[in-house]
Amino acid sequence: MDFEKISSIPPFSLGKEEKEKMLTKRLSELTEFHRKNCPEYGRMLKSIGYDEKEVRSYKDLPFLPVRLFKELDLKSVPEEEVVKTMTSSGTSGQAVSRIFLDKDTSANQQKTMVKIVSEFTGSSRMPMIIIDCPGVIKNRAMFSARGAGILGFSIFGSKRIYALDDDMKLDVGGLREFLEKYKGQKILLFGFTFMIWQFFYKELLRLKEEGITFDLSDGILIHGGGWKKLISEAVSHDRFHADLKDICGIEHIHDYYGMVEQTGCIYMECECGHLHSSIYSDIIIRRGSDFSEAPAGEPGIIQVVSTIPESYPGHSLLTEDEGVVLGEDDCPCGRKGKYVKILGRLKEAEIRGCSDTYAAK
Amino acid sequence: MSNREKYNKAFIDSLELEEDQLEGLTYQGVPSWDSVGHMGLISELEDAFDIQFETDDIVDFNSYDKGIELLKKYDIEIE
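These protein sequence lines map, in sequence, to chains D and Y. Under this note's numbering, read the first sequence as residues 1 to 361, first letter to last. Under this note's numbering, read the second sequence as residues 1 to 79, first letter to last.
If you're looking for bench data, these hints aren't it; they were derived computationally from the structure.
Examples of chain D residues lying across from chain Y (beta carbon under 10 Å, computed):
hint	residue
1	Val-83
2	Lys-103
3	Gln-110
4	Val-114
5	Lys-115
6	Val-117
7	Ser-123
8	Arg-125
9	Gly-152
10	Ser-154
11	Ile-155
12	Gly-157
13	Ser-158
14	Lys-159
15	Arg-160
Facing chain D, a subset of chain Y residues (Cβ under 8 Å, in silico):
hint	residue
16	Asp-34
17	Val-36
18	Met-39
19	Glu-54
Just so we're clear, the structure is a prediction, and the values are computed from it rather than from any experiment. Where a beta carbon is used, it is the ideal one built from N, C-alpha and C, also for glycine.
Working from the sequences, and respecting the hints, build out all of it.
Rendered as structure tokens:
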């Protein structure tokens with residue numbers, strides 16, 4: 001089952017059984033492909049006594065700890081086919097993951113991401129405000145997770161502006177001019193959660209005292225990168241929404257969960273506040289005690305599977321995040337698939353969220 | 001300027017290429033046509049022809065020839 005076929009299925013259209021059948025087929029094939037093409041992966045499967053005949057569901061497939069991509073250069077294609085290397089957002093001193101992409105995997109990531117996000121924003125492109133600094137995409141061959149996120153979402157921007165300069169200062173004049181020019185149009189805003197709060201919200205708050213305000217009530221804000229830093233400032237999800245609405249009128253706000261090791265397959269927050277898994281990927285919650293699957297409602301360690309990765313063996317990974325499945329196929333928003341809540345980083349795991357890297361500098 | 005000249009100029013300017021590199025060119029075929037270069041190329045073409053691509057077409061735009069085919073949807077003929 002090739003990815004082309006999977007990507008022709010609408011992202012939230014399959015019920016539990018159909019999805020399980022499709023994922024089992026594709027992910028078993030990927031396991032076999034990586035076993036043959038990535039020597040380290042092949043040896044790992046051998047050492048755990050992996051036997052594909054025992055696989056009844058994709059839930060039975062082995063998973064690698066994400067940490068492994070920091071320690072080993074894992075790839076399933078020859079070096080000369082690697083067109084892009086992505087790195088996770090570790091701060092200096094921390095090891096970073098290195099993810100190797102060939103043409104196909106890279107193109108499939110972008111294609112998938114567009115399909116998922118279009119279900120929330122519509123497929124038409126909008127003037128876009130990137131709440132970050134342009135310096136983030138400077139080194140083109142080595143993308144940080146932040147750069148990859150910005151670039152991935154840029155496809156939705158018909159015209160784009162970076163709201164911050166390289167010193168992370170809000171470009172008030174540029175922003176005003178941009179909003180004036182595209183007045184009356186739906187505007188897309190994108191950024192990382194902590195940076196939006198620290199360098200956008202707080203600056204808007206300060207400007208308001210000087211009598212300078214912005215109207216973003218026609219805006220749709222997509223943000224990701226984790227809440228860890230905001231929780232330490234006692235900013236909850238609800239406060240984030242309420243305060244942003246209060247300061248600039250923005251009401252449509254979607255969080256997303258994703259990681260550089262499985263770029264493309266993001267989990268977008270719907271109108272009901274739930275993060276949704278598309279048919280291209282899934283989340284399985286594992287119990288810390290024995291790695292068995294936890295039922296809906298029981299928190300545990302998040303395993304992610306993705307149908308995209310061909311150039312590196314990252315189709316089934318155990319993250320260092322904690323989460324809980326809230327339900328499946330029955331979210332009031334109408335989208336099928338599991339919907340989840342992310343509870344944060346596992347205790348003792350290192351800081352690594354995109355929006356936390358700036359904080360830790 | 002003919003449409004062909006405009007089309008070529010967008011590639012040459014945004015991806016810093018020479019005219020003779022364009023024939024048979026594919027996405028990721030030269031270092032400058034990566035995902036950053038791609039968005040620059042798209043903007044350049046949108047300005048040159050005063051159109052706005054749909055997201056699917058930006059994703060499908062993976063070669064010099066494919067772009068010519070996609071532009072037909074926007075009533076742009078590259079002779």
